[in-house]
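Order-wise, the sequence lines are chains V and S.
Numbering that gives the first Met the number 0 puts the first sequence at residues 0 to 513.
Numbering that gives the first Met the number 0 puts the second sequence at residues 0 to 163.
Since the hints were made in silico from the structure, they are not lab data.
Just so you know, not all the hints are guaranteed correct.
Across the chosen pairs, the derived CB separations fall in these ranges [stated by the list, open to error]:
1. V/A339 with S/E44: 52 to 60 Å
2. V/E466 with S/E21: 21 to 29 Å
3. S/K137 with V/Y165: 38 to 46 Å
Stretch by stretch, here's where chain S covers chain V in the computed footprint (C-beta under 8 Å, at least three residues) [to be verified]:
4. 412-423
5. 456-466
6. 469-477
None of these values were measured; they are calculated from a predicted model.
For every residue, glycine included, the Cβ atom is placed at its ideal position computed from N, Cα and C.
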Amino acid sequence: MVLDIKSHLMLPPKPISSLLIANRGEIAVRIIHACRELGIRSVAVYSQADAGSLHTRLADEAIEIGPAEASQSYLNIERLLSAAQRSGAAAVHPGYGFLAENADFAEAVQAARLLWVGPPPAAMGTMGDKAGARALMEEAGVPVLPGYQGKDDGPSLTKAAAGLGYPLLVKAAAGGGGMGQRVAQNVAELADAIEGVRREAKQLFGDGRLILEKYLPSARHIEIQVLGDQHGKLLHLFERECSLQRRRQKIVEESPSPLLDTNLRTAMAAAALAAAGAVGYTNAGTVEFLVEPETGEFYFLEMNTRVQVEHPVTEVITGIDIVQWQLRIAAGEPLPFEQAEVRQSGHAIECRIYAEDPAAGFLPQAGRVHKLLLPAEKNVRVDSGVAEGDLVSSFYDPLLAKVIVHANDRPSALRLMHEALRRTVFLGLTTNIEFLQDLLSQDEISAGQYDTRFVDRHMAAWSGDQELPMQVLVAAALAELNMTAAQSPSPDSAEPEDLFSPWAAGTGFRIGGA
Amino acid sequence: MNFDYSFQRRIYSLDLHPGAGEHKASFAGRQHGVRVLGGEAGEFELEIDGRSVQVLVAKEGRRIWVHLDGRTYALERLVGDAAQAGLAGGERVLRAPMPGQVRRLAVQVGQAVNAGDVLVLLEAMKMEIRIQAPHAAKVARIAVSQGQSVEREQILVELDGEGA
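Isolated chain V, as found in the complex (with noise of 0.2 Å):
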C-alpha cells in the first residue's frame, strides 16, 4: 500500500498560534491587526533604526533584528529565522517588498519547520524568473507581450531587437515592481539601455540576466488577485486597475477598472487563474497584466507572490479580508465560498500617502510627524504605518499610509475620497496629499481615461500651490509668539514677548505643541 502524503491535509487544520511578521511599517501593522481578529500572538521584529516605531509598539512582542541597513536585518535570513525561534513563532508572514518574493527564504522557513504564510517556493522562484515565467505563460495559453528571453550578451540582444521593433523594454529577468527596467526608442539607446539595466540588475537582484519586451506606450496596468487555497480550490477577486504610477510605482489603485467590460473581465479573470494554476499556486497572489485601452488587447506582464500593497481595494468591495486568509490558508484551513459568490460590489479606491516630494522629481522624504490627523468617515478606511510622534527615517520605502474609500459608484468614490485626503494631514514632513488631490481633480481622472504615463505626461510641472493664503501666515506667525513664551525660563521673568503675546490676553490655549 502506497502512504497517500495527502491525507495528512485532510486533518482539520490547527490555527496558527502565533506569527512572525518579517517587516516593518503599514504591511506590518495590517497583518497586527489580521492577528488580533484571529487570536494569534504577533512577534514583529524591528531595525535599530525602527526602534519604538509603530508596529513594534503594537505587536504582543518585538524583537531588534539589526541595524538600519536592510541587508543586515529585515533582509537577513537568519536574523529572522533566530527571531522566529528565539519567540516560539510557528509561522512567518513576509508582508510585500523585503523577503517576500525570496524563495530562498520561504525555503528557509519551512526548514525551519515554520509555516510559510504564503505560496509554495516553488511557484515563487518560477515566477521570479521573468524569462522562465514568460515561457511558461506561453505554454499556459496566458497572452504574453511580444519578447525575447533568449542569449543576452550584447550582440544577440541587438539582434533579437531588430526582430521585434522599437520602442522596446529592457528588462531585468529577475527584477519586478517595476525596479530594473527601461525604454529604449531606437538602436542608438539600445546599447545603453542594457548597460544601464545590466548594472542595476546586479546591483539591486545580484542577477544581472537581460530579457526583452515590446513597449507598449500607451497601456494601462490592471491587475487580478487571486486566493487559492492548499485544497485545489483557486478563485479570483476580480481586478484592480493600477495605472496611475509615477516612477513606475503606483500611487493611486481603483476597481472595478473603468476600462473594462464583463467580457474583457471575464478573459482575464480566465487568464489570471490559468497564470497562477500553470505554477500551482495557493495563497494570495496578483497577476499582473497591461492592457492597450484600444484594441482591448491584454498581456501577462508578472506575478506578484505576495500581498500586495494595494490589497485593501479588493478587501472592501469583496468583503474577503485577504491577509486573515492568508494565515487561515497557511494553516490548511479550505476556501469555504466559491467563485460564483465572490462578488465586486459598488467602487473602491486606495490612495498611497508617502513622505515624497512630488515637486522634486518625488524624492523620498524623512522627518518627524509631528501632527496627525487622518480620516474618521464612514466607509473610509486607513491604514497607516505611523503614529503622531513618529520619526520617517530615509531608510526604507517611505509609505506613511494608504487612504482607502468604498462607495456606490465611481464618482461617489472620488467624491469621498476627495474628502478624505483634505483631512489626511501630517505636520512635520513633505508628502504627496495635496499632489494626489490635484491628480484626483484632473477632467481625464473623473472620466476614467488615463494610462500608466498619465502622471508623466500631465502632471511633471505640478509644483504644488503657489499662493500663501494671509491665514496661513497669522497662524504661523500666532504659534510662533507662543513657542518664545512657552521657552521662557519662568512666568516671573518672562520675556518682552511674553507681554505681547496673543495668549497671555486670551484663553491661554497652547498651539504648535512645546
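Given the coordinates of chain V, assemble chain S onto it according to the supplied hints.
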C-alpha cells in the same frame, strides 16, 4: 512684531500687533483683525476679519507647517541675515534635499558652471539624486567630500555670483 517667511521661493512679511482681545495683523498693506477663539496641541480656531478658521500648526526649528482648508503649507521663518538677503541666499547655497551619501563631486572650487550643470551626485535609497546649478555661477566652496554621509538640509556647495 515682524515675521518674515519664505514659501515657494517668495518672501512674505507680516506685522502682528497684539491687542487686548483682538490682534492686528498687517500684510501686503492691508490690516486684518485676528482673534484666537480656542484650541490645543497644534489644532486651533481663529477668527480673522470676522470669519472663523480652523488651522493645524506644527513647528520644528525655523520650519513651520500650517494646514488650512484641506491643504498643508510648509513655510520657513527667515531671521536676521536670511531675511535681509532673501531668497538669493537660498539660491547660492545648495543643500541636500534628503539624507544620503555623496557619491561623486562633479566640480571643483573655482570652476565656472552653467545653469543645470550637475555639481554633486547623491545616493539615497538606491536612487541617484543630481544636485544641479540653479544658474550660471562660480563654485565658491564645496562643503562635503566624496563618500560622506549627509543629513537633510546639510550644505553641499556654495556658489558665487548670479548668472545673467
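Tell me the numbers of any earlier hints that the structure contravenes, in ascending order.
none
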